[in-house]
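Order-wise, the sequence lines are chains A and B.
For the first sequence, the residue numbers in my numbering are 159 to 482.
For the second sequence, the residue numbers in my numbering are 2 to 319.
Read the hints as simulated data drawn from the structure, not as lab findings.
Quick caveat, the model's predicted, so the values are computed rather than measured.
Be aware that one or more of the hints could be misleading.
Said to hold, decoys possible - Taking lysine-lysine and the PhoX-like style, the derived pairs with C-alpha atoms no more than 25 Å apart in a straight line are:
#1 B:LYS132 x A:LYS178
#2 B:LYS218 x B:LYS135
#3 B:LYS263 x B:LYS288
#4 A:LYS205 x B:LYS132
#5 A:LYS268 x B:LYS261
#6 A:LYS476 x A:LYS409
#7 A:LYS205 x B:LYS163
#8 A:LYS268 x B:LYS275
#9 B:LYS106 x A:LYS268
#10 B:LYS132 x A:LYS268
#11 B:LYS132 x A:LYS317
#12 A:LYS178 x A:LYS160
#13 B:LYS240 x B:LYS225
#14 B:LYS88 x B:LYS106
#15 A:LYS268 x B:LYS88
#16 A:LYS410 x A:LYS476
#17 A:LYS476 x A:LYS387
#18 B:LYS88 x B:LYS78
#19 A:LYS409 x A:LYS478
#20 A:LYS343 x A:LYS160
#21 A:LYS268 x B:LYS135
Said to hold, decoys possible - Simulated DEER-style distance windows between Cβ atoms:
#22 B:THR221 x A:ASP323: 26 to 36 Å
#23 A:HIS297 x B:LYS29: 32 to 42 Å
#24 B:GLN211 x A:SER282: 35 to 45 Å
Every residue, glycine too, gets a C-beta built ideally from N, C-alpha and C.
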Amino acid sequence: MKEITYADAICEALDEEMAKDENVILLGEDVGIIGGNFKTSVGLRDKYGEWRVKDTPISENSFVGIGIGCAFTGLRPVVELMFADFLAISMDQVANQAAKLRYMSGGQVKVPLTIRMPIGGGRSSAAQHSQSLQAWVAHIPGLKVVLPSTAAEAKGLLKTAIADDNPVIFMEHKMEYNKKYLVPKEEYTIPFGQANIVHEGEDLTIAATSNLVIKSKEAAQELDKEGIKVEVIDLRTLVPLDKETIINSVKKTGRLLIVDEGYLNFGISGEIALSIMNDVFYYLDAPIMRLGTASVPLPFSPALEFSVIPDTKKIYGKVKEIVG
Amino acid sequence: MTKSEMLRMYEQMLRIREFENQVFELYKQGLMPGLAHLYIGEEAVAVGACAALNENDYIVSTHRGHGHLIARGAETKPMMAEILGKKTGYCKGKGGSMHIVAYDKGILGANGIVGAGIPIATGAGYKSKLKGTKQVTLSFFGDAACNQGTFHESLNMAAVWKLPVVYIIENNLYGISVNINRVTAVEDLSVRAKGYGMPGVTIDGNNVLQVYETVRKAVTRARKDEGPTLIECKTYRWKGHHVGDPATEYRSRDEENEWKAKCPIKTFESYLLKNSIAEEDELEEIKNSIINEIQKAVQFAKESPYPEPEEAFEDLFA
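Modelling step: build the complete structure from the supplied sequences, incorporating the hints.
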């Protein structure tokens with residue numbers, strides 16, 4: 159193992175895939191000369207040239223569309239949106255084009271396109287640079303949706319995304335970029351649709367996404383001390399969703415808490431809860447509960463922002479509430 | 002241009018006209034699910050433009066796409082079958098009139114969202130530039146698409162990166178019911194090219210030879226890595242926005258008749274005869290073979306089976 163940051167892990171995944179396949183290119187705002195707003199493509203323009211690492215104008219809808227045109231004709235573009243919030247600008251190309259072109263063509267074409275973007279609050283970036291919009295994209299048939307937790311997860315999953323022949327929405331948590339993690343030295347990938355149990359337990363299951371997996375694990379370690387054994391599942395991918403791992407865990411624990419930083423209202427946690435209900439209903443000892451971001455625009459002041467997004471303490475508190 | 006090339010263009014325009022006439026018939030007979038946007042009156046644009054392409058070039062079409070597809074060599078049988086929602090259609094009944102893709106012909110798709118094909122065409126151009134394949138992409142779109150953000154964004158990127166894309170505006174005067182003059186202050190949309198740093202030109206879109214010559218020059222320029230061109234073809238949509246639109250509320254019969262008098266097929270026919278390039282019976286023979294071909298396409302489409310309901314769940318992911 160080696161210790162690198164989450165941003166470096168992303169950069170390594172891009173570098174390895176670009177070295178392996180000359181059809182892999184990067185497009186996006188500031189991905190070239192400065193190596194990305196969050197430093198996830200540092201050095202790649204020097205290594206692969208400006209046509210494979212292209213600084214685009216601020217034209218999100220059309221540079222996603224250019225990515226689609228490239229994917230359509232044989233390339234494997236990785237397009238970066240500087241913030242997931244900018245999905246709103248590019249949504250026609252994401253939802254009406256990338257997601258649907260293969261299906262509408264009756265399977266004639268492939269769209270091997272990866273669209274990367276940071277999600278999440280915690281940096282006082284306020285309402286237009288902090289959202290976790292996974293529900294928007296998971297809702298649209300034809301898109302795969304990936305939410306890595308740690309640096310090692312991000313690297314292995316991003317390599318799988320780039321090699322996938324379908325459009326993949328790859329959502330990185332912006333609070334993780336500068337954190338250091340242990341990452342395997344040798345090359346590896348992580349398959350889609352296989353959730354990962356990161357902490358075992360018998361009393362309650364937490365199904366979590368993105369960096370809330372790490373916070374759920376922290377809460378579980380705290381609860382261990384009190385004799386409450388929590389099983390934490392890293393969902394890794396929302397589409398495809400590994401329901402089986404959640405169902406098997408809930409059958410064992412009888413309790414489920416779903417933790418995701420998206421807005422709680424009409425978000426992914428409600429969908430996950432109901433999609434497994436038939437399988438777990440008679441095993442439940444308590445109602446399924448969830449934690450998410452309150453339904454307000456993300457406020458600027460730390461005094462306000464941290465009050466509306468989930469964290470370790472809130473996860474701990476919610477588990478205590480359910481276990482009683 | 003040789004005689005056979007000119008007759009090929011004549012034949013392609015007739016093929017589009019007859020195909021569209023029969024689509025309209027099928028709609029009126031209640032055999033077509035949904036709607037279709039007919040290309041009647043605009044045939045010279047697609048045919049003249051596609052005649053300027055090489056076999057491995059690309060085109061990106063629009064919701065009014067039947068003409069582009071036929072001009073680029075798509076087969077009329079699977080096109081008609083697709084329009085009727087049949088399993089034998091180009092997209093196995095999943096796309097319909099607005100979404101026909103014929104990837105083997107370099108047709109990267111018609112598109113139901115106005116202006117959405119422009120960045121996709123630009124991306125195909127990016128690939129050709131990056132790989133040095135010398136392939137050129139034609140991006141077709143209407144006057145109304147010029148007011149979408151994708152037009153601005155894509156033309157800007159194509160110009161600054163000198164991408165091998167030719168942008169072709171089919172200015173048929175209307176975005177559904179709204180005359181372009183009511184929503185756009187400039188008379189010629191091609192003047193916008195100047196703002197992006199690319200050449201722009203406005204031509205008679207009903208003159209197939211003029212379209213061919215103009216697009217040929219732009220394609221040659223693109224292939225030589227000299228960058229994109231914007232070409233505005235002034236033309237007219239003879240029918241309403243779609244098959245169910247009688248176009249009675251927003252334009253006059255006089256205006257329609259004025260444009261019908263400038264029929265691109267009749268104009269070209271007169272040119273061929275006047276310059277003794279073809280004889281009348283030669284042209285008659287082409288007409289008859291086209292009528293026969295489209296009849297067979299209709300029959301093929303009608304007799305083809307519908308897809309099975311479970312096929313709705315196929316082709317989502319590769």
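Here is what the structure says about each hint:
A C-alpha spacing of about 16 Å is found between LYS132 (chain B) and LYS178 (chain A), which places the hinted pair at or below 25 Å, so the restraint holds. Taking the CA atoms of LYS218 (chain B) and LYS135 (chain B), the gap is about 15 Å. The hint holds against a cut of 25 Å. Taking the CA atoms of LYS263 (chain B) and LYS288 (chain B), the gap is near 19 Å; set against the 25 Å cutoff, the hint holds. With a C-alpha separation of about 17 Å, the suggested pair LYS205 (chain A) and LYS132 (chain B) falls inside the 25 Å cut-off, and the hint holds.
For the suggested pair LYS268 (chain A) and LYS261 (chain B), the alpha carbons sit about 41 Å apart, so the restraint of at most 25 Å is broken. Using a Cα cut-off of 25 Å, the hinted pair LYS476 (chain A) and LYS409 (chain A) holds, with the two alpha carbons roughly 20 Å apart. Restraint check for LYS205 (chain A) and LYS163 (chain B): satisfied, since their Cα atoms lie roughly 23 Å apart, inside the 25 Å limit. For the given pair, LYS268 (chain A) sits about 49 Å from LYS275 (chain B) by alpha-carbon distance, which is inconsistent with the 25 Å threshold.
With a CA separation close to 16 Å, the supplied pair LYS106 (chain B) and LYS268 (chain A) stays within the 25 Å bound. Proposed proximity of LYS132 (chain B) and LYS268 (chain A) is supported: the alpha carbons are some 19 Å apart, at most 25 Å. Among the hinted pairs, LYS132 (chain B) with LYS317 (chain A) is consistent with the structure: their alpha-carbon atoms are about 23 Å apart, no more than 25 Å. Restraint check for LYS178 (chain A) and LYS160 (chain A): the C-alpha separation of about 22 Å stays at or below 25 Å, so the hint holds.
Distance restraint check for LYS240 (chain B) and LYS225 (chain B): the Cα-Cα separation of roughly 39 Å exceeds the 25 Å cut-off, and the hinted pair is therefore not satisfied. Restraint check for LYS88 (chain B) and LYS106 (chain B): satisfied, since their Cα atoms lie roughly 20 Å apart, inside the 25 Å limit. Only pairs whose Cα atoms come within 25 Å are accepted, and LYS268 (chain A) paired with LYS88 (chain B) is accepted, the gap being roughly 20 Å. A C-alpha spacing of about 19 Å is found between LYS410 (chain A) and LYS476 (chain A), which places the hinted pair at or below 25 Å, so the restraint holds.
A distance of roughly 14 Å separates the Cα atoms of LYS476 (chain A) and LYS387 (chain A); the hinted pair therefore holds under the 25 Å criterion. Using a Cα cut-off of 25 Å, the hinted pair LYS88 (chain B) and LYS78 (chain B) holds, with the two alpha carbons roughly 12 Å apart. Distance hint between LYS409 (chain A) and LYS478 (chain A) is fulfilled; the C-alpha atoms sit about 19 Å from each other, no more than 25 Å. Distance check on the hinted pair: LYS343 (chain A) and LYS160 (chain A) sit about 6 Å apart at the alpha-carbon level, within 25 Å; holds.
This hinted pair checks out: LYS268 (chain A) and LYS135 (chain B) have alpha carbons roughly 22 Å apart, not beyond 25 Å. In this structure, THR221 (chain B) and ASP323 (chain A) meet the distance hint of 26 to 36 Å, their C-beta atoms being roughly 35 Å apart. Our hint of 32 to 42 Å for HIS297 (chain A) and LYS29 (chain B) holds, since their Cβ atoms are close to 38 Å apart. The beta-carbon spacing between GLN211 (chain B) and SER282 (chain A), approximately 59 Å, falls outside the hinted interval of 35 to 45 Å.
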